[in-house]
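> Residue numbers (the working numbering), protein chains in the order written: chain C, 1 to 253; chain R, 1 to 407.
Just to be clear, a hint being listed does not mean it is correct.
[To be verified] Keeping only pairs whose Cα atoms sit at most 20 Å apart, straight-line, the calculated SDA-like set for lysine to any residue is:
id, chain 1, residue 1, chain 2, residue 2
1, C, K112, R, N195
2, C, K112, R, A170
3, C, K112, R, L179
4, C, K87, R, A204
5, C, K222, R, F70
6, C, K251, C, V100
7, R, K144, C, P105
8, C, K87, R, Q206
9, C, K87, R, L179
10, C, K98, R, Q107
11, C, K112, R, Q169
12, C, K98, C, W71
13, C, K222, R, D69
14, C, K112, C, T128
15, C, K112, R, F100
16, R, K144, C, D108
17, C, K112, R, R108
18, C, K87, R, A170
19, C, K222, R, R68
20, C, K170, C, L159
21, R, K144, R, A120
22, C, K87, C, W62
23, C, K112, R, E163
24, C, K87, R, D178
25, C, K222, R, F71
26, C, K98, C, D76
27, C, K251, R, Q107
28, C, K112, R, P111
29, C, K87, R, Q169
30, R, K144, R, Q129
31, R, K144, C, R106
[Stated by the list, open to error] Label-pair restraints from in silico Cβ distances:
id, chain 1, residue 1, chain 2, residue 2, range
32, C, T249, R, K144, 23 to 31 Å
33, C, V238, R, F100, 34 to 42 Å
34, R, D263, C, R106, 49 to 57 Å
35, C, R106, R, Q107, 18 to 26 Å
36, C, M192, R, S136, 51 to 59 Å
37, R, E163, C, A165, 28 to 36 Å
38, R, A134, C, A165, 36 to 44 Å
39, C, F244, R, L239, 53 to 61 Å
40, R, G229, C, R106, 41 to 49 Å
Quick caveat, the hints were computed from the structure, so don't treat them as lab data. Even for Gly, the Cβ is constructed at its ideal location relative to N, Cα and C.
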Amino acid sequence: MPSSCSTSLSFFVAAILLTGIPCTAQSVQALELRELIRHVEQQYHGSSSHARTEMRVRTEHWQRSLEMEAWSLERDRFLVRILAPPKERGVATLKVDKEVWNYLPRVDRVIKVPPSMMGGAWMGSHITNDDLVKASHVDEDYTFTLLKESPEHYLIECLPKVNAAVVWGKIVYEILKPLLVPGTVTYYDEGMIPVREILFADVRTTGGRTLPMRMTVRPLDKPGEETVLQYQEINFDVPLTASFFSLRTLKER
Amino acid sequence: MLWRLALRNIWRNKRRTALTVSAMVVSSSLLILSLGIFSGMLSDMLASATEQYYGHLVVSVTGYQDDRDFFDNFSPDPALLERIASTSGVRGISPRLRAFGLVSHGQRSDPAEILGVEPASERQVTRLQEKIVAGSYLPDDPEKGALLGRGLAERLGVNPGDELVFVTQAADGSIGNDLFTLRGIFATGDSRHDNGLVLVGLSALQRLTVLPDRVHELAASLEDPMTAGATAAQLNGQLPEGLEATDWGQLLPEMQEAIAASDVSRLIIVTILYFATGLGILNTFFMSVMERTREFGILMALGMRPWRVRAMVLLETLAMGGVSLALGISLGLALSLYMATVGIDLSESITPITYAGGTIAPRLRVVMEPANFIVPSLLLLVVCLLAGFLPANRAAGLDPVAAIRED
Chain C
1 MPSSCSTSLS FFVAAILLTG IPCTAQSVQA LELRELIRHV EQQYHGSSSH ARTEMRVRTE
61 HWQRSLEMEA WSLERDRFLV RILAPPKERG VATLKVDKEV WNYLPRVDRV IKVPPSMMGG
121 AWMGSHITND DLVKASHVDE DYTFTLLKES PEHYLIECLP KVNAAVVWGK IVYEILKPLL
181 VPGTVTYYDE GMIPVREILF ADVRTTGGRT LPMRMTVRPL DKPGEETVLQ YQEINFDVPL
241 TASFFSLRTL KER
Chain R
1 MLWRLALRNI WRNKRRTALT VSAMVVSSSL LILSLGIFSG MLSDMLASAT EQYYGHLVVS
61 VTGYQDDRDF FDNFSPDPAL LERIASTSGV RGISPRLRAF GLVSHGQRSD PAEILGVEPA
121 SERQVTRLQE KIVAGSYLPD DPEKGALLGR GLAERLGVNP GDELVFVTQA ADGSIGNDLF
181 TLRGIFATGD SRHDNGLVLV GLSALQRLTV LPDRVHELAA SLEDPMTAGA TAAQLNGQLP
241 EGLEATDWGQ LLPEMQEAIA ASDVSRLIIV TILYFATGLG ILNTFFMSVM ERTREFGILM
301 ALGMRPWRVR AMVLLETLAM GGVSLALGIS LGLALSLYMA TVGIDLSESI TPITYAGGTI
361 APRLRVVMEP ANFIVPSLLL LVVCLLAGFL PANRAAGLDP VAAIRED
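With the rest of the complex left out, here is chain R:
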């Protein structure tokens, strides 16, 4: 009975109903899209920060990540590697040795960070292999091969195949130096690494620095980056004395802050957008109720209880909200799918922006997360009910005699 009355009332003024539903559909679908883009940007930043260099989690000598003390190295025994690898959620582990020194070619020299890795392992932790712009990634047996960041390669004037001299201070105090061959050039968009990072084979760097069988860190990648904190805590209970696991939240505190700030700004966007939508709905229903003052008076004179009047108006609101919800989600999903598969390429107008340790790629894309659909949907229903409550109360509070007399 109430449902039939509510639906009939909705169709009585089709234009107003259409406009209101349209407003709700557009706002909810655009909200879904924008939240998706937000997630895409964050995902890009986190991926570039953790998957181009840091990894999601690193195991190193306690305090090493604070000052990168060259002498805080350790020997990773197979049992340790196995324990970390068997930790749930760990996707790959890469042992690394790090040195700072000079990279030279011809008359040019530049300081650089030299990272010694096992290419097969490193590929499981970082995605530098996808960022090669010239030459190729290090082969599994890199020998004296090296990868250079693009900025560094440009300053030295080198191309793949060219010879490089690395000079560094070895662990025994001597001057470690050797000849390497440039295998490839990478470009991540992160100027700090593009201008100062060199990748070489782990054993080659161990010889250069007189640190046989030693590493500075074991970098790990996880199935889900957001579990890094919990995984690190779990590992810290199992690691031998003197070693600690550090997650990307600790390695990149500014990234952690960027994510928190983004959550807040998302909340603000949702609030503002739905506040505006709520006002629109409120306006619609107030007009609707005002127009039908006489009708409500007659209904109440006939014996309809105030709570039933209120329920009828709320049902109208809910019906419109439900329809808008379905349409909004459909449209939002369609837009998100398009952006997830095609995206918008802005690389012609902007360059990569490095912020909080991560790089925002010049390409808008969407990451499909359930929360980005559920939250707007539930909030839309809540907004509809809240917006409908005031006019419903007004309708329920009418005095039959006064209402009938009005015209």
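Chain C on its own, in the form it takes in the complex:
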């Protein structure tokens, strides 16, 4: 369950991790948080997904909407391609392990995102390149404490390990009962000031798994700005191999 914190960092991984949670309320109480992590990892091993999503970004200066098609394999590979608007059709992002590349069809070039730009916005949204890279490894980078349990939810505090290279000082993760889906995730900076919130909503059951179909990212220092990711359809356990996640596939249109 605590490893579900990683779902908040990337909708690509969210689909996978959530589908791996089989626990009931009773079994959660019986399990230590760390054992739950290992359990989730076993469930999650080998999972793949294929999804169509819409991302709406609203900033102080502009609003825009993107339609995207995304594939993911396990925790470290995903590929996302923009389908609309026409101006950006074909723009794609590939992530393998900790490397991120962007393909730009207009100039037919692949640009690797340098380390110094990992903090930059991904596709102009409020999700950063760093989110894409770090999302899958929250269970490795953080320690977990159950802050509070009520009939409605679990509240889990995630603190970074001493040697983890992460940007957040703390993450507070809410899991709603009884479906065990994420609710609100709050991010704190190193000064323990809340700077970002991710809200999950629109819970549906699809492909035998229950998961939220909408994720809203809100920077707390810029009220009025937000990024909304809405799943339109998603399929699991599709036949994908590691070779699919290559620069050659990145360039296909």
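Start from chain C and add chain R according to the hints.
Below, chain R alone, put in the same frame as chain C:
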């Protein structure tokens, strides 16, 4: 009468006179030279700060220069350009658009500041065209040409003619990207710009960022950089609402402080050097007066008034000071002219030093400023008179009987 006595006294001990005059000549000429070098260094720093990037004055949306907000842009209408251009002292104006993004070649990418300019206008404001180390400056119609700083070019492994991809966030939220061709590489000695600045055509960057006909600033160069503050104040009274003129003193406060600090250190150098010179003169004249105690006694016994004795000694001082002044200025001028035209090239032993936003070139040179000659000259005369005053008073205060009896 007093003049003849004074001059005769000066020549009485030629060696002492020669030594004293030499001391004054050397100190004043070296002072003139060092002040000139100081001015040269400051001039280099100011030029590199303002003439390699900033300009002397910029007009932009109020507050833009504080945080470089990408969305603080404006459309420069011809009337505005004309008003700024017709302001007295303005030499050139360059419209600029600024974006931050990725510059990529092959497998390498680096973040950079991309500055869109009109090359013909930019050449009037900056001197990057004189800092080209490979290829050439942007042509007047740059199309998709780009200039890169040397450090950035080395990291990307590119040479003139190579292809570059620029990626940035456009004003409409989309990913702006385009192919450019490297036209040239510049090296200013300022590592911040050499490692992260790219120059492209203004219209190309406007298309890339989806900001048609918009700019972030109008950079201006002035005939005299020191008038930037006054010119900015004048413009601020004329600019439309929402725009402000900012001079280099505000853009580069540390440069302003460096100049003030340099003025103070110059004053300290002048004070120390002339204090030492004054002591030398004082010593000379005290010895001279002591040697002639009996003579002064006889003169006073004959009826010479104390004020005339004092005047005679001061005239001696003034005469020596005058001669030293003429020789000192001549020598200082000669040394300064040599340094202004030839200079001393230290580039083999040191690299450019960036300080306070400006770069000190590894070449000592002199800037000829009237103040650098006038101040040492006047101060030399003042020092001579002050140094001569004590022995003059001593001479004037002698008691004739005691003075004559002494031997």
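> Each hint needs a verdict: does it hold in this structure or not?
Okay, the hints, checked on the actual structure:
1. Our distance criterion of 20 Å between C-alpha atoms is met by C/K112 and R/N195, whose separation comes to about 19 Å.
2. Restraint check for C/K112 and R/A170: the C-alpha separation of about 19 Å stays at or below 20 Å, so the hint holds.
3. In summary, the hint linking C/K112 to R/L179 is supported, as the alpha carbons are separated by about 15 Å, within the 20 Å threshold.
4. Between the alpha carbons of C/K87 and R/A204 the distance comes to roughly 17 Å, so the proposed pair stays at or under 20 Å and holds.
5. Our distance criterion of 20 Å between C-alpha atoms is met by C/K222 and R/F70, whose separation comes to about 16 Å.
6. In summary, the hint linking C/K251 to C/V100 is supported, as the alpha carbons are separated by about 14 Å, within the 20 Å threshold.
7. Only pairs whose Cα atoms come within 20 Å are accepted, and R/K144 paired with C/P105 is accepted, the gap being roughly 18 Å.
8. Distance restraint check for C/K87 and R/Q206: the Cα-Cα separation of roughly 16 Å lies within the 20 Å cut-off, and the hinted pair is therefore satisfied.
9. Between C/K87 and R/L179, the direct Cα distance comes to roughly 16 Å. Compliance with the 20 Å bound is thereby established for this hinted pair.
10. Distance hint between C/K98 and R/Q107 is fulfilled; the C-alpha atoms sit about 16 Å from each other, no more than 20 Å.
11. With a CA separation close to 16 Å, the supplied pair C/K112 and R/Q169 stays within the 20 Å bound.
12. Proposed proximity of C/K98 and C/W71 is supported: the alpha carbons are some 17 Å apart, at most 20 Å.
13. Under the criterion of a C-alpha separation no larger than 20 Å, the hint pairing C/K222 with R/D69 is consistent with the structure, at around 15 Å.
14. Straight-line distance between C-alpha atoms of C/K112 and C/T128 comes to about 15 Å, which keeps the hinted pair within the 20 Å bound.
15. In summary, the hint linking C/K112 to R/F100 is supported, as the alpha carbons are separated by about 16 Å, within the 20 Å threshold.
16. Restraint check for R/K144 and C/D108: satisfied, since their Cα atoms lie roughly 16 Å apart, inside the 20 Å limit.
17. The hinted pair formed by C/K112 and R/R108 meets the criterion: a straight-line CA distance of about 7 Å does not exceed 20 Å.
18. A threshold of 20 Å between alpha carbons decides the hint, and for C/K87 with R/A170 the separation of about 12 Å falls inside it, so the pair holds.
19. Taking the CA atoms of C/K222 and R/R68, the gap is near 18 Å; set against the 20 Å cutoff, the hint holds.
20. With a C-alpha separation of about 5 Å, the suggested pair C/K170 and C/L159 falls inside the 20 Å cut-off, and the hint holds.
21. A C-alpha spacing of about 16 Å is found between R/K144 and R/A120, which places the hinted pair at or below 20 Å, so the restraint holds.
22. As the CA atoms of C/K87 and C/W62 are separated by approximately 16 Å, the hinted pair is consistent with the 20 Å bound.
23. For the given pair, C/K112 sits about 16 Å from R/E163 by alpha-carbon distance, which is consistent with the 20 Å threshold.
24. The suggested pairing of C/K87 with R/D178 holds, with an alpha-carbon distance near 13 Å, which does not exceed 20 Å.
25. Between C/K222 and R/F71, the direct Cα distance comes to roughly 16 Å. Compliance with the 20 Å bound is thereby established for this hinted pair.
26. Among the hinted pairs, C/K98 with C/D76 is consistent with the structure: their alpha-carbon atoms are about 8 Å apart, no more than 20 Å.
27. Simply put, C/K251 and R/Q107 have alpha-carbon atoms about 15 Å apart, close enough for the 20 Å limit, and the pair holds.
28. A distance of roughly 11 Å separates the Cα atoms of C/K112 and R/P111; the hinted pair therefore holds under the 20 Å criterion.
29. For the hint linking C/K87 to R/Q169, the alpha-carbon distance of about 14 Å falls within 20 Å, and the restraint holds.
30. For the given pair, R/K144 sits about 18 Å from R/Q129 by alpha-carbon distance, which is consistent with the 20 Å threshold.
31. For the suggested pair R/K144 and C/R106, the alpha carbons sit about 15 Å apart, so the restraint of at most 20 Å is met.
32. As the Cβ distance of C/T249 to R/K144 is approximately 29 Å, the hint placing it in 23 to 31 Å holds.
33. Remark: the range hint 34 to 42 Å for C/V238 to R/F100 is upheld by a beta-carbon distance near 39 Å.
34. The hinted window of 49 to 57 Å between R/D263 and C/R106 holds, with their beta carbons roughly 54 Å apart.
35. Remark: the range hint 18 to 26 Å for C/R106 to R/Q107 is upheld by a beta-carbon distance near 19 Å.
36. At roughly 54 Å, the beta carbons of C/M192 and R/S136 sit within the given window of 51 to 59 Å.
37. Checked against the hint of 28 to 36 Å, the pair R/E163 and C/A165 passes, with Cβ atoms roughly 34 Å apart.
38. The given range of 36 to 44 Å is respected by R/A134 and C/A165, whose C-beta atoms sit roughly 38 Å from each other.
39. Between C/F244 and R/L239 the beta carbons are some 58 Å apart, a value that agrees with the proposed interval 53 to 61 Å.
40. In this structure the hint that R/G229 and C/R106 lie 41 to 49 Å apart at CB holds, the actual value being about 45 Å.
Violated hints are absent here; each numbered hint is respected by the structure.
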